[in-house]
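Taken in sequence, the protein lines are chains A and B. Residue numbering for the first sequence follows our numbering, starting at 1 and increasing by one per position. Residue numbering for the second sequence follows our numbering, starting at 1001 and increasing by one per position.
Be careful, since some hints might not be right.
[Unchecked claim] The list that follows gives simulated cross-link-like pairs (lysine to aspartate or glutamate, EDC-like), each with its CA atoms no further than 16 Å apart:
1) A:K403 with A:D357
2) B:K1292 with A:E143
3) A:K146 with A:E128
4) A:K100 with A:D56
5) A:K111 with A:D210
6) A:K135 with B:E1049
7) A:K100 with A:E181
8) A:K111 with A:D56
9) A:K307 with A:D394
10) B:K1292 with A:D231
11) B:K1052 with A:D370
12) A:K253 with A:D306
For the record, the hints were derived by calculation from the structure and aren't laboratory data.
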Amino acid sequence: MTKVSRRGLLKTGAAASVLAATGVQVAAAPSRGGTLRLGLAGANTSDSWDSRTHSDSYMIMAGHGAVFDTLTEVAANGELVGELAESWEASPDAVTWTFKLRQGVTFHDGKAFGADDVIASLGMHTEEGAKSAAKPIVSAITEMKKLGEHEVQMTLKAGNADFPFLLSDYHLCMFPAGNIEASIAQGIGTGMYKVESFDPGVRTTLSRVDGHYKDGRAGWFDSIEIIAINDSSARMNALMTGQVDAVNRVDFKTEPLMKANPAVNIFEVTGNQHFTFPMLTNVAPFDNVNVRKALKHGVNRQELVDKILLGHGAVSNDNPIGPANQYFADDLPMNDYDPDKARHYLKEAGMDSLDIDLSASNAAFPGAVDAAQLYQASAKAGGININVVQEPADGYWSNVWLKKPWCACYWSGRATEDWMFSTAYESGVPWNDHFWENARFQELLLSARAELDSDKRRTQYHEMQALISSEGGTVIPMYANYVDAHSTKLTNSGTIGNVFQMDSSRFMERWWFA
Amino acid sequence: MASILRIIAQRLALGILTLFVVSIVIFAAVNMLPGDFAQAILGQGATPEAIKAIREDLGLDQPPVTRYLQWLAGALQGDLGNSFAQANFASFAGTTATANSASVAAQLGPRFENTMFLAGVTAVIAVPFSIFLGILAALYRNSVFDRFTNIFTLSSISSPEFFLAYILILFLAVLNPLLPSLSNIYEGMDFGDRLTKTLLPALTLTLAVTAQLMRMTRAAIINLLASPYIEMARLKGMSPMRVIVKHALPNALAPIINVIALNLAYLITGVVVVEVVFVYPGIGQLFVDSVKIRDIPVVQACCLLFATAYILLNLTADIMSIISNPRLRHPK
């Protein structure tokens, strides 16, 4: 399945997998109307419309998914399309990018959208003292030039073929220039839905904008009520009793009960979200590649998928690139569970047996402690004695992750290979949580980044994934599915995005009442 | 009367001292928890620079004693400070936290109103219901009715609240869709809707507090039934119901009022679980969230509110028992 992206420029083969959700009806033509009531987890009393701070599902969906737009958008089929940008072009070295912006777009306060807004909105992330998670993306831009009211040119420090992809990040929402403060306070964007009321951590109501540039393509509900329901049982109950029309993060344990309810549909996609056990490769014994290989053969991946995810996931081959990525390599030699191989690699490392601590807490991912114990049991047969250290959930990310030699961790994955690698696998980046360094990998990373030819990139990314899988410092046993549920009153086009929960967080735009 | 006023004054003074001690204990306790606001809010994305920036913004880099004294100075002037979460996000936006958007008082206000509403609805249902049950149980003591009431109320108080909540949801929302299982009340909702939405959590809490109220009523009345004056009343030929309501109940009021006050305090301070199950935006949820992210100003304010509720309700209970007892009302 290879599709050429909108501009044909990236030739990405947005094969980005996708889809096949369970039980979604084949759709009739969309119809307008009704009030959608969503029950979403991930809400906090500290929430605001500042997209730089968004990190949890509630605000990602309300912000990026409804009220605000970004320059580009990953469509449900994984293809990159323009959202506020109409088209884009790169110089042959992928350093200079020119974006043509959509005309006739207005903010909810009536102001017209243009080049100045793009420059100001991206500038927010590199402002003095700004704590944006998208800072690395924006700080790679050395210059932003306004070529016209609806044309912007951006120059990068180094070529990056994925740059338009990065601009679809949910942090990079467009705010009206000169009025950013007020628009953060009130939630003024260019999205399909405008804010009627916003009570952080409790409830948000939105209404459909009249005459929007996406008319006829998206945005079928007249109004939306988003209720913050962080408690998983309460959320499931709310859907079961018809108090809300859809919920995110279905509890795996109650999923069979929900399936039994004829008024509820579960929809599930395998994305890039993965659970990991990073080892500090600059610390003995993990500095020995054979020890790492032994550990990779000591975990029963299928058992973890079955018992920790209760089947809602897929086995990962120690590969941080997932099925939602374009150049996902699914044909690498499998690091299967094999105690003999584990023993063999231990012997190669000059050891008869190995005693190590594995730090885990359910703060890393739900079920992390149980997963560590299963790992302990399966590795024993290979002569590896894992001592599971249960760490407190409080302060886990500050005190355990990146500090303890071996611990549990999770990654939500990234839309592009380069982004994932440069976040956590490039030499010397702060979140390289296993301190792994490999010259060949580093070389490939830099050349693939600026490569516009997609076949060459594919080869390079495959080689990089093979390197990580066989020699890398992280045990990645599984990809976790995004499992959400909706009432059978709702329907969609039949294709569900897998970049994030709830149809890549675009549920409010893409679904309608049947 | 003068003595009552003196008691009130004394108790209020002691109450203020208690609040002061509570604030120290809470502040120390939150500081002893591992991690601080900066680490909690940044989570996996914490970098040393970001942590440092947030700590500096919020003054978390200063020693705890200084921070406590600063907070105390503000609190004494009626300023409970700004919530860390709100102040932090204001600094993200490049603005300073304004008094309206970020003050703890502004954040607590609506939540506290909701909590009081829930407590109020519960009290209106639970108090008359349990006293009535208690009177009936005393009247027909050791009958099948008495036994049944005892078993029912004791089993409901012995079950965890979330279990009661789910049972009620099962019967009143899932099997018979009479009431909404979601109590997401919000400002501007009309009273009828608000009441309907609050009914399930209120019923859950009613089940949780009935046992104590009902059994105290029953015990206090039965205790009195052996008194000579009750015997006199009976000998006059009064009906048993009349004996209890006219002669026994007024004298049993003091212990009953005490139990009511304690339960009301519980309704204001301890219903986090019920709030979570029904997604009720009360103060308990806010309190737990704030402890999670170590938002000390909000935690402090919540605790002060809880302590104040206990102190005032206890005081009210004592005053009421004095007023209901002529011997204490006119001490010789």
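Results for each hint:
For the given pair, K403 (chain A) sits about 13 Å from D357 (chain A) by alpha-carbon distance, which is consistent with the 16 Å threshold. Between K1292 (chain B) and E143 (chain A) the alpha-carbon distance is near 41 Å, which puts this suggested pair outside the 16 Å criterion. With a CA separation close to 22 Å, the supplied pair K146 (chain A) and E128 (chain A) exceeds the 16 Å bound. A distance of roughly 31 Å separates the Cα atoms of K100 (chain A) and D56 (chain A); the hinted pair therefore is violated under the 16 Å criterion.
Annotation: proposed proximity of K111 (chain A) to D210 (chain A) holds, straight-line Cα distance about 15 Å (limit 16 Å). Between K135 (chain A) and E1049 (chain B), the direct Cα distance comes to roughly 13 Å. Compliance with the 16 Å bound is thereby established for this hinted pair. Restraint check: the Cα-Cα separation between K100 (chain A) and E181 (chain A) comes to about 26 Å, which exceeds 16 Å; the hinted pair is violated. Taking the CA atoms of K111 (chain A) and D56 (chain A), the gap is near 29 Å; set against the 16 Å cutoff, the hint is violated.
Among the hinted pairs, K307 (chain A) with D394 (chain A) is inconsistent with the structure: their alpha-carbon atoms are about 25 Å apart, more than 16 Å. Distance hint between K1292 (chain B) and D231 (chain A) is fulfilled; the C-alpha atoms sit about 15 Å from each other, no more than 16 Å. Proximity of K1052 (chain B) to D370 (chain A) is assessed by CA-CA distance (about 34 Å); at most 16 Å being required, the pair is judged violated. Taken as a hint, the K253 (chain A) and D306 (chain A) pair is honoured in the structure, with Cα atoms around 12 Å apart against an allowance of 16 Å.
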